[in-house]
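K.L.:
These are the residues of each chain, in order.
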Amino acid sequence: MAMISENFLLQSVAARRLYHGYAADLPILDFHGHLTAKVIAENPRFRDLSEICLEGDHYKWRVMRANGVPERYCTGDACPFDKFTAWAKTVPYTLRNPLFHWTHLELARYFDIHELLNEKTAPAIWQRANERLQSDALTPRGILSKFRVSALCTTEDPLASLEFHEQIARSGFATRVFPAFRPDNALRTHDPRAFNTWADELAACTGLNIADLSDFLEALRLRHDEFHRHGCRLSDHGLNHCYAEPCTPREAQSLFAALRAGGHLSSAESAKLNSHLMIFFGRIDAEKGWTKQLHLGAQRNLNSRMLELLGPDTGFDAMGDWIQATSLSGYLNALAREDALPKMILFNVNPSDNYLFASIAGCFQEASSTAGKIQFDSGWWFLDQKEGIELQLNALSNCGLLSRFVGMVTDSRSFMSFPRHEYFRRVLCNLMGDEIEKGLLPDDDELIGTMIRKICFDNSAEYLALPTVVDSTPFAAAEQRS
Amino acid sequence: MAMISENFLLQSVAARRLYHGYAADLPILDFHGHLTAKVIAENPRFRDLSEICLEGDHYKWRVMRANGVPERYCTGDACPFDKFTAWAKTVPYTLRNPLFHWTHLELARYFDIHELLNEKTAPAIWQRANERLQSDALTPRGILSKFRVSALCTTEDPLASLEFHEQIARSGFATRVFPAFRPDNALRTHDPRAFNTWADELAACTGLNIADLSDFLEALRLRHDEFHRHGCRLSDHGLNHCYAEPCTPREAQSLFAALRAGGHLSSAESAKLNSHLMIFFGRIDAEKGWTKQLHLGAQRNLNSRMLELLGPDTGFDAMGDWIQATSLSGYLNALAREDALPKMILFNVNPSDNYLFASIAGCFQEASSTAGKIQFDSGWWFLDQKEGIELQLNALSNCGLLSRFVGMVTDSRSFMSFPRHEYFRRVLCNLMGDEIEKGLLPDDDELIGTMIRKICFDNSAEYLALPTVVDSTPFAAAEQRS
Amino acid sequence: MAMISENFLLQSVAARRLYHGYAADLPILDFHGHLTAKVIAENPRFRDLSEICLEGDHYKWRVMRANGVPERYCTGDACPFDKFTAWAKTVPYTLRNPLFHWTHLELARYFDIHELLNEKTAPAIWQRANERLQSDALTPRGILSKFRVSALCTTEDPLASLEFHEQIARSGFATRVFPAFRPDNALRTHDPRAFNTWADELAACTGLNIADLSDFLEALRLRHDEFHRHGCRLSDHGLNHCYAEPCTPREAQSLFAALRAGGHLSSAESAKLNSHLMIFFGRIDAEKGWTKQLHLGAQRNLNSRMLELLGPDTGFDAMGDWIQATSLSGYLNALAREDALPKMILFNVNPSDNYLFASIAGCFQEASSTAGKIQFDSGWWFLDQKEGIELQLNALSNCGLLSRFVGMVTDSRSFMSFPRHEYFRRVLCNLMGDEIEKGLLPDDDELIGTMIRKICFDNSAEYLALPTVVDSTPFAAAEQRS
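Protein sequences appear in the order of chains Z, H and E.
Under numbering that gives the first Met the number 0, think of the first position of the first sequence as 0, with each following residue one higher.
Under numbering that gives the first Met the number 0, think of the first position of the second sequence as 0, with each following residue one higher.
Under numbering that gives the first Met the number 0, think of the first position of the third sequence as 0, with each following residue one higher.
Incorrect hints may have been included.
Derived EDC-like pairs (lysine to aspartate or glutamate); straight-line CA-CA distance at most 16 angstroms [claimed, not checked]:
#: 1; chain 1: E; residue 1: K145; chain 2: E; residue 2: D156
#: 2; chain 1: E; residue 1: K287; chain 2: E; residue 2: E386
#: 3; chain 1: Z; residue 1: K37; chain 2: Z; residue 2: D156
#: 4; chain 1: Z; residue 1: K437; chain 2: H; residue 2: D433
#: 5; chain 1: H; residue 1: K437; chain 2: E; residue 2: E5
#: 6; chain 1: H; residue 1: K88; chain 2: H; residue 2: D135
#: 7; chain 1: Z; residue 1: K37; chain 2: Z; residue 2: E114
#: 8; chain 1: H; residue 1: K437; chain 2: E; residue 2: D24
#: 9; chain 1: H; residue 1: K437; chain 2: E; residue 2: E70
#: 10; chain 1: E; residue 1: K145; chain 2: E; residue 2: D24
#: 11; chain 1: Z; residue 1: K437; chain 2: H; residue 2: E5
#: 12; chain 1: Z; residue 1: K287; chain 2: Z; residue 2: D338
#: 13; chain 1: Z; residue 1: K145; chain 2: Z; residue 2: D111
#: 14; chain 1: E; residue 1: K437; chain 2: Z; residue 2: E70
#: 15; chain 1: H; residue 1: K37; chain 2: H; residue 2: E162
#: 16; chain 1: E; residue 1: K437; chain 2: Z; residue 2: D433
#: 17; chain 1: Z; residue 1: K437; chain 2: H; residue 2: D214
#: 18; chain 1: E; residue 1: K437; chain 2: Z; residue 2: D156
#: 19; chain 1: H; residue 1: K287; chain 2: H; residue 2: D224
#: 20; chain 1: E; residue 1: K88; chain 2: E; residue 2: E114
#: 21; chain 1: E; residue 1: K119; chain 2: E; residue 2: D81
#: 22; chain 1: E; residue 1: K145; chain 2: E; residue 2: E114
#: 23; chain 1: E; residue 1: K88; chain 2: E; residue 2: E70
#: 24; chain 1: H; residue 1: K145; chain 2: H; residue 2: D24
#: 25; chain 1: H; residue 1: K145; chain 2: H; residue 2: D190
#: 26; chain 1: H; residue 1: K145; chain 2: H; residue 2: D135
#: 27; chain 1: Z; residue 1: K88; chain 2: Z; residue 2: D111
Partial pick of chain E residues on the chain H-facing surface, computed with a CB cut under 7 angstroms [as the list claims (entries may be wrong)]:
#: 28; residue: R64
#: 29; residue: P69
#: 30; residue: P245
#: 31; residue: R299
#: 32; residue: S303
#: 33; residue: S351
#: 34; residue: Q384
Hints were generated in silico from the structure; no laboratory data involved.
Glycine included, every Cβ here is placed at the ideal spot set by N, Cα and C.
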C-alpha cells in the first residue's frame, strides 16, 4: 500500500469529509517563505531531482549528517546522483521524522511516484522524476500553477532591488509575487563593521547621506515606501527575542552616532538602540496598514566550524530558551500605548513557549480592519510537523480564536515544499473531525468546514489585504535605479 | 443534537460509569474564587443574562476583542442586549476555545437551554434566560444551592471587614462562605506610596501604630487571627514568582524602616523584604494549621493603555516565563528548615512548568495531619480547559499522588462558573475510564470511583479542615469595629 | 484480571505483533545505572522483599511521604515487614504513577505474583516473595542472567578501585560489568574543602603530587587510562547545566592554584574553571573513542533538613528550569571547533526542554565511527514513565533520527528495575504499532520491527563499542594498588 493514500492522516470519517469537502481544493496563499523572485522570473528547468529536492534543503542535510553521511554528499562536491542516492539511503532511517512523510508526499504530488524511497528504489525514481522535470509542469512557474499558489511573499533585505518582482508582475503570471521587508541587517548594532557596511549600501541605494539616526530612519522609510509600491504588505524580523528596553530619542541618537563612527556598543546599548529601531519599524508598518511578522527564539549558527566552512542556513541552527515574555509583551505594549500597533503575526520555535505566546497575543487584540489583529502562528521550523502543528493549534485554540487564524506558510527555500500546505490541512481536518466524532465540536460540517476554509485561505487573504492590482509606474523608476 | 449531551466529554463506557456512578452527584467545595460575600449576603436578582453572563468576565471580553468587537460592547456603555448580542455573534468563533463548551454548559445547566448560541438564536435565548432569572432558583443563593456548594472561599484583602461573611453565617444559609486571607498589598514593597497607604489603613483597622516592622507584623497577625475567627483556613498569594532571598531580621527591619519613611527600595531590596514577609506568612499559617495557596507565574496588566482606561482584571494578563525553581524550592525549604511549613497548594499558570512544580512539591512532603501536604493544583486560568486539566493531571500523576489531589476550584468572578466543576469531573472520569479500558488502570470501578470521589470532594474537605460550626461571638465584635 | 497481562500497554494488533515478534526476547544492554559491582561480585542473597524492593529506592520513599507515611517506615528503623506493609498500603494510592505499573511488573516478573499489592494482600505476597528470594534465580547474578543483561555499566568516581569489576570479569560471569567514569567531584570547584580533600585522595591514588592544574589533569588522565583498561567506554557528568565560559589556559591555571591553596572561587570563577575542565574531559573521551553522557537539569537536595538527616539520594531532588541552550551548545561547539567532540548522549530531566535538547543535538552530528553521534536520550528520572518516554520519543523523532536511538537505561539503584526495559519496549512498540494502524508508518513489520530491535539493543551495542574481551593484565596491577 502506498504511504500517501487518499486519506493519509485522516483518521475519522468526519475528518475525511472535511478535508475532501472543504480543504483539498483551496488555493494557497504563501505569505512567508524564502523562494527567490529571480528563479520565478527566469523560470529555468530543474536540472535533476537532486537539484529540486536537495539543494539548499538543510532539513535533509541535518538528518543525513545524523545518519553518518559524510558532508560531501550533503553540501559537498559529490555528483548529483550520488547525493540523491545518499539521501535515498537515509530515507528509511527517517521513520517518524516529518521528512519521511514530506518526501513521499513530494514524490506523489510532483512525480506521481508512490513507492517508498530507499537505496533499492532510488535509481528508478531518479530516472522517472528526472524525465518529468523536463515538462513545463515542473518548472518553477509550472509548480506554482500546479499548486494553485495565488500569492507568494519572498523575504527581502530592504536593499533588494525588486526588479524580478516587477518582471513577474509585468509578465501577468497568475501567481502574485510580493516582497516582504526584512530589515535584520538594520539591527546588527552589535557589529559595527557589518552595520556600517550595510548602512553605506543603504545610503547608496537611497541616494541619502546617512550621517545621523534621522537620516538612517529616513532611508529605511524610503525603502519601506518603495516596497509598498511593489505590493509589499508584510515586514518580518528574525530575532532571538524582542527588544523592549527604555531608550529616549536622544539616547538613540547618541548610540547611533557612536556606532556609525565605528564604535562598539555594549550588549545593553545595542539592545537599547534596537528597541528604538523596532518601535520605528512598528510605526511605519502601522501607518501603512502592513502586517509585522516576528520570528522569535531561534538560535542560529551554533556550530562555528561548520559556519566557517559552509556559511549560514546550512543546518546548524536550533531552538533557544531565552526568556521571552517580558520583552515581547513590552514591545507590543510600547506600540499599543502610542496607538501604533500594526497587525502582527508571532512565530515561536520552542514549543514550550506556545501557550505563553498565545496568551500574550490575547492582551493586545483590538477592533481593527480585520479580526484577530495579533496572530500566534503555525508550527515554525522544527515545529512544522504533525505534533508541532497540533501543539500550536491547541495552544491557540485554548488561549484565543482558532477561527481567526491566518494559517500555514511553507517558510521554505525549496520549490518542493508546497505539499506542506496539504499536510497542514490534513492535520487540521483530522483534529477537527476527531472532535466532531467525539462530540467536542458540533456535528455540523458546514460550520466546521467553513471555519477550515477560512483558516486555510480566506482568513489570510482578508487579514493581509495584499494588493490585487499593483501599480506598475514605480516599477520603471525602481528599475532605472537598481 | 445538543452540544451538551448526557455523555459530553465521556468517550468510553467506563468513563460514563465512573462519572454517572461516582462524580456527578457530589457537592462542590469551592475553596478558591473571587465571588463577593456581599452579593451572597444581599442576594439580589440578576437583572438580565448580560449581567450574569458577561459582567466582570474578562475571559469573554478577551475573545470578543480577538474577534474584532469594539470595546463598548465589552466593558463599555452599550446596552445589555447589544452586549449580549455581540457576545452571541462571537460564540461561533470560539470553537475549540473552552468558552464554547462553558457557554453551552452554562446555558444548559442554568436555563435548560440546549440550542447553540449565535446571532440568530440570541434574541430567543435572551428572552427565555431573562425570564428564568426572575425565579428564586437563579439568585446568587439559589445558584449556590442548586449546585450544592457546601462551602465557598472568597479572596479577601487583610483589611476586609468580613461583615458580609458574618451576615451569611448568621443567616444559617447552607453554603458556608469563608474568607481567604490574601495579603498581596503587604508585598507591594516596590511601590512606597501604595505600600504606605495600605499600611496606614492596616494601622487604622487594627488600632495599632505601625512604626516599625514588628508593628506591621503584629497588625497582620491581628487580622490573621480575626480571619481565623471567621472560619478562614486558607491564605493566598498572587506572585510572579516566589521570594527566597536571604534576609536577616535586622536587614528586614532596616528595609522596612526605609520604605515606611517613603523611600524607594531597589528591586533586590524589595525582594529581600518580601522574602522576610513570606516567611512570616508561612509561619502564621503553619501555627494555625491553615493551608497556603501560591498562585505563581501570571504576568498582569501588560497593556498599560487599557489598564489606564479600564483598571486591572479586565483581560490584559498573560502567563510569564520567569525562572521558578530556585525561588519556589528555596521558599519551601526555608519554612521546612524551621519546621514551619504549612500545608500548601501550588498553582501554576504556564503549562511548561507543570512537571517542575509537581516534582518540587514532592521534595517537601511529610507526615502531616493529612496526606498530600504539598499539593500541585489544577489547571489555573489559561489552563482551565480540557488540555490544560489533562496536562496538570498527568504531571501530578507521574510525579506524585493523584489520589491525594484536592481537586478543582472555579477561581471565578462569575456566578455562572459552577459548571466548571462538572467539566473537570467529566475530564477526569474520561481520562480514568479510558485507562481502565486500555488496561492501564485496574478494571475495578469501586477502586477508581472511590479515588474520583475523593479528588472531586472528599480530599479537599479532609485536607482543608474548614470549620463546620463558626463561633459567632467574634462576629459581633468585628461588626462593631467595621 | 491481572494488571500485567500479556498485552499490557499494547493497544493495537500491530503493537502486539511488534512487541512479541521483535522486542520481547532481546537481551539488555544497561549502559547507565547505579548498581554496585561489589554486590554483583559477592552475590549475596536478598534478605527479604523489603531489602530488594525498598532499600535505596527513593522513588518509593517519595510517594510514601506524599501519602503521609512517617519517615521511620521509609528510611528509618521500622522492621522490614512493617516497612513493606507501609509500602503495600501506599500502592493503591499510586494509581497513574509509574510506581503502580512498575510494582506489579516487578511482582510478576520476579515472583510470578499477579495479585494487586495492597494492605490485604501484603502478608501473603511478603511470604511468597521471600520464599522465592531464597532461590539462586533471584540473587543479584541470578537476576542479571534471568533478564539477559549482556552488559551493565556502573557509575564510578575516578578514585574507585575497580577491584570488584576485575573480580567479576575474572569469574567469567556472562554479564559484562564495566565502570563508567563520573568525575563530578573534580567539578566541585565552588567548595574548596571538598575539592581539595578529593584532590588529595586523587594524588594518593595515582601517586602524583597535585600542585598545579597540569598535575591535576595528568592524575585524572591516569585514572581515565585505568578505567579504559577495565573496559570503561563511557564517562558521565551530573550537572545543573553545562559550562561554556571562555577561559584561557593561563586563567585556568591561576584559578586552580587559588582553589588548591584553599581559596574560594566566585561563582563566575568556578564556572570558568569548570568550563576548562569539561573541555579536558571532552578531549580525553574523544581521544579514546569513549561516549560522554551529560545528565543535565536536576536540582538536587532541595530539602536541607532532610539532607542533614538522611544524606543525598534519598528523594529530595526535583527538576530545575535553568537556561540550558547557550551553555549546552557552547560546550558542544567548543569541542567541535577543535575536532575533539566525542560521541555524546544528552539526558534531560525537564520535559519542557526535550525539543530544545533534540534540536541542539542535531547541530553537531557528523560522520563518525557510528551514526547518530550526538544522542538525545530516553526519559530520565521523573520522565521515566509512559508519558515521559513518549514525549522524548516524539521530540527525538521530530528533530532527529529515532532509528539511530541508543535506547533505554534503568538508571537505578535497585536490582528490581530491569523490567523498566520491558516497560520501555512496550511503550515504544505501542507507539509504532498505533502509527502503523493509522497509516502514519508503512505497514511493514520487518522494516519497523528491525528498527525496534535496533533501538532496544543493537544500536547501543554498535554505538558504545564496549569491549567484548577485557585484557586482564592491568587488573592485576590495579589490584595491587588498591
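K.L.:
Please go over all the hints and tell whether each is borne out by the structure.
P.N.:
Status of each hint after checking the structure:
1. E/K145 x E/D156: Distance ~29 angstroms between E/K145 and E/D156 Cα, so the pair is violated.
2. E/K287 x E/E386: violated (36 angstroms)
3. Z/K37 x Z/D156: Distance of about 14 angstroms is within 16 angstroms: holds.
4. Z/K437 x H/D433: holds (13 angstroms)
5. H/K437 x E/E5: holds (13 angstroms)
6. H/K88 x H/D135: violated (29 angstroms)
7. Z/K37 x Z/E114: violated (33 angstroms)
8. H/K437 x E/D24: violated (24 angstroms)
9. H/K437 x E/E70: Distance ~35 angstroms between H/K437 and E/E70 Cα, so the pair is violated.
10. E/K145 x E/D24: holds (12 angstroms)
11. Z/K437 x H/E5: Within the cut-off at roughly 13 angstroms; holds.
12. Z/K287 x Z/D338: Answer holds: Z/K287 to Z/D338 is near 13 angstroms, not above 16 angstroms.
13. Z/K145 x Z/D111: Between Z/K145 and Z/D111 the Cα gap is close to 13 angstroms, so the pair holds against 16 angstroms.
14. E/K437 x Z/E70: violated (35 angstroms)
15. H/K37 x H/E162: Measuring from Cα to Cα gives roughly 8 angstroms; hence the hint holds.
16. E/K437 x Z/D433: holds (13 angstroms)
17. Z/K437 x H/D214: Between Z/K437 and H/D214 the Cα gap is close to 60 angstroms, so the pair fails against 16 angstroms, i.e. violated.
18. E/K437 x Z/D156: Status violated; Cα separation ~44 angstroms.
19. H/K287 x H/D224: Holds, at roughly 9 angstroms.
20. E/K88 x E/E114: The hint holds at about 14 angstroms.
21. E/K119 x E/D81: holds (13 angstroms)
22. E/K145 x E/E114: Given pair E/K145, E/E114 is violated - Cα atoms ~22 angstroms apart, limit 16 angstroms.
23. E/K88 x E/E70: Roughly 15 angstroms separates the two Cα atoms, so the pair holds.
24. H/K145 x H/D24: holds (12 angstroms)
25. H/K145 x H/D190: violated (44 angstroms)
26. H/K145 x H/D135: holds (10 angstroms)
27. Z/K88 x Z/D111: Violated, at about 21 angstroms.
28. R64: Hint holds; E/R64 Cβ to chain H Cβ min 4 angstroms, cut 7 angstroms.
29. P69: holds (4 angstroms)
30. P245: violated (24 angstroms)
31. R299: Hint violated; E/R299 Cβ to chain H Cβ min 10 angstroms, cut 7 angstroms.
32. S303: Check passed: Cβ of E/S303 comes within 6 angstroms of chain H, closer than 7 angstroms.
33. S351: holds (4 angstroms)
34. Q384: holds (5 angstroms)
Checked against the numbered hints given earlier, the structure breaks hints 1, 2, 6, 7, 8, 9, 14, 17, 18, 22, 25, 27, 30 and 31 and satisfies all the rest.
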